[in-house]
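Take 468 as the starting number for the sequence shown in this note's numbering and just add one per residue.
No lab work stands behind these hints: they were computed from the structure.
Computed from a prediction, not measured in an experiment: that's the story for all the values here.
We treat Cβ as the ideally placed atom computed from N, Cα and C, and that holds for glycine.
Treat the hints with care, since some could be wrong.
[Unchecked claim] Label pairs and their calculated CB-CB ranges:
| # | residue 1 | residue 2 | range |
| --- | --- | --- | --- |
| 1 | Asn601 | Gly480 | 28 to 34 Å |
| 2 | Lys621 | Trp529 | 54 to 60 Å |
| 3 | Ile492 | Thr553 | 31 to 37 Å |
| 4 | Tyr497 | Leu591 | 18 to 24 Å |
| 5 | Trp529 | Phe562 | 16 to 22 Å |
| 6 | Gly585 | Tyr497 | 25 to 31 Å |
| 7 | Leu527 | Pro616 | 50 to 56 Å |
| 8 | Ile492 | Gly585 | 19 to 25 Å |
| 9 | Tyr497 | His477 | 29 to 35 Å |
| 10 | Leu554 | Tyr497 | 36 to 42 Å |
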Amino acid sequence: QYGWLIRNIHANGASMFFICIYLHIGRGLYYGSYLYKETWNIGVILLLLVMATAFVGYVLPWGQMSFWGATVITNLLSAIPYIGTTLVEWIWGGFSVDNATLTRFFTFHFLLPFVIIGASAVHLLFLHETGSNNPTGLQSNPDKIPFHPYFSYK
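Please work from the sequences and hints to get the whole structure.
Below is the structure:
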């Protein structure tokens with residue numbers, strides 16, 4: 468009865484998520500977080516994964532825009548030397564965008580968020596190791612004390 472609402476919240480929530488991601492990238496550029504290469508590179512991989520998830524989700528309503536969007540974007544992969552056309556046919560599940568493509572994209576749209584969760588954990592692990600940048604640019608390592616036992620016993 469309220470499926471239209473859930474679908475619209477899901478679609479608009481994805482747009483809001485991208486706004487937050489772009490703000491996060493802007494903050495990282497402003498404060499020089501790109502200097503921590505491992506953390507930054509995992510973040511770039513995360514951005515690509517989120518963009519892939521959004522693209523396959525865009526195709527799922529299966530309208531004209533979705534169909535031709537899938538056709539054009541997946542055909543870009545055919546420019547890859549040697550494996551391009553084989554890769555496109557594998558993604559399509561045949562020789563053109565069809566029902567098999569829709570099934571594969573639904574599977575990707577379901578599975579990629581789990582990959583994103585894992586990559587986010589790795590991103591946070593690297594961030595924990597390097598520490599995040601702050602507006603003052605000061606290192607706060609000398610002021611750190613272990614959580615256990617000093618705070619855990621309180």
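Against the structure, the hints:
Hint check: Asn601 to Gly480, Cβ distance near 29 Å, so the stated range 28 to 34 Å holds. At about 57 Å, the beta-carbon gap between Lys621 and Trp529 stays in the expected band of 54 to 60 Å. Roughly 34 Å separates the CB atoms of Ile492 and Thr553, a value that falls within the hinted 31 to 37 Å. For the hinted restraint 18 to 24 Å between Tyr497 and Leu591, the CB-CB distance of approximately 20 Å keeps it satisfied.
Evaluation of the 16 to 22 Å hint for Trp529 and Phe562 yields a pass: the beta carbon distance comes to about 18 Å. Checked against the hint of 25 to 31 Å, the pair Gly585 and Tyr497 passes, with Cβ atoms roughly 28 Å apart. The hinted range of 50 to 56 Å is satisfied by Leu527 and Pro616, whose Cβ atoms lie roughly 51 Å apart. Here the CB-CB span from Ile492 to Gly585 is close to 20 Å, well matched to the stated 19 to 25 Å.
At roughly 31 Å, the beta-carbon separation of Tyr497 and His477 lies within the given 29 to 35 Å, and the hint holds. The hint said 36 to 42 Å for the Cβ distance between Leu554 and Tyr497, and at roughly 37 Å that hint holds.
Violated hints for the displayed structure: none, as all numbered hints are satisfied.
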